[in-house]
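Protein chains: 2
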Amino acid sequence: MSVSLDPVNIADKLSLIDELWTQRKIAGLNDYEIKLAKLKGEFVWHTHPETDELFVVVSGRLTIRLREGDVVLGPGELYVVPRGVEHCPVAEEETAVMLVEPVGTLNTGDTGGPMTRAAEPL
Amino acid sequence: MSVSLDPVNIADKLSLIDELWTQRKIAGLNDYEIKLAKLKGEFVWHTHPETDELFVVVSGRLTIRLREGDVVLGPGELYVVPRGVEHCPVAEEETAVMLVEPVGTLNTGDTGGPMTRAAEPL
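Line order of the protein sequences matches chains F and E.
Note that this note's numbering numbers the first sequence so that position 114 is 114, with each residue one more than the last.
Note that this note's numbering numbers the second sequence so that position 55 is 1055, with each residue one more than the last.
Just so you know, the hints here were simulated from the structure itself, not pulled from any lab data.
Hints may contain errors.
[As the list claims (entries may be wrong)] Below, in silico cross-link-like pairs of lysine-lysine (DSBU-like), each with a Cα-Cα straight-line distance of 35 Å or less:
#1 E:1025 - F:13
#2 F:13 - E:1013
#3 F:25 - E:1040
#4 E:1013 - F:40
#5 E:1040 - F:40
#6 F:25 - E:1025
#7 E:1013 - F:25
#8 E:1025 - E:1040
Make a model of the complete structure from these sequences and hints.
Put into structure tokens, the structure is as follows:
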């Protein structure tokens, strides 16, 4: 088996992302994937009925609106949205996040719509 | 369902860790856990036959020795050790890492020995 010896530099990978709200895969972990995204503005309310979703804020400021209240995350902070919990990510300034979730999890969950994107490798 | 609205601050959690090489759980993600650890010195060569292992360096500098060569990680860099690949983490200075892997994955993998620790919640 040939093994890569190259680390993944998060800032370098983020510099390659132009489009907002589009998750890009940077590594795989079993049947999970590690993804990066740049967020600005308000996303759509949605739910992932089958999986929890990990958000780690790299830069900026992310508000994850839940029906129960807001979760506000700065750099170096993380939050796991439990499966089945409706949420809406909002970022007033451009915000970079790392996500971990099972392969194939769509950004818009069960809501779909025009902002739906598959996570392409970066 | 009652949902926590509190983010997890990685630096705050790290400040609570005294013991080196001991992974502490800070969040769950389905049947995976997100853990923090402080590393300094040389660990033991080991393998996780059943799972990949994600390392994200928060501060310091981590060398992951593989039989094929060294992977060197600084802050904001990550690496996934593929399942079955023998590795030995080494940190010359005190280094803080975030790990993601399935619940119950032991730090020493299939090697065991006196440095084996279960990941306790923080």
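Legend entry - Hint numbers not upheld by this structure, sorted from lowest to highest: 5
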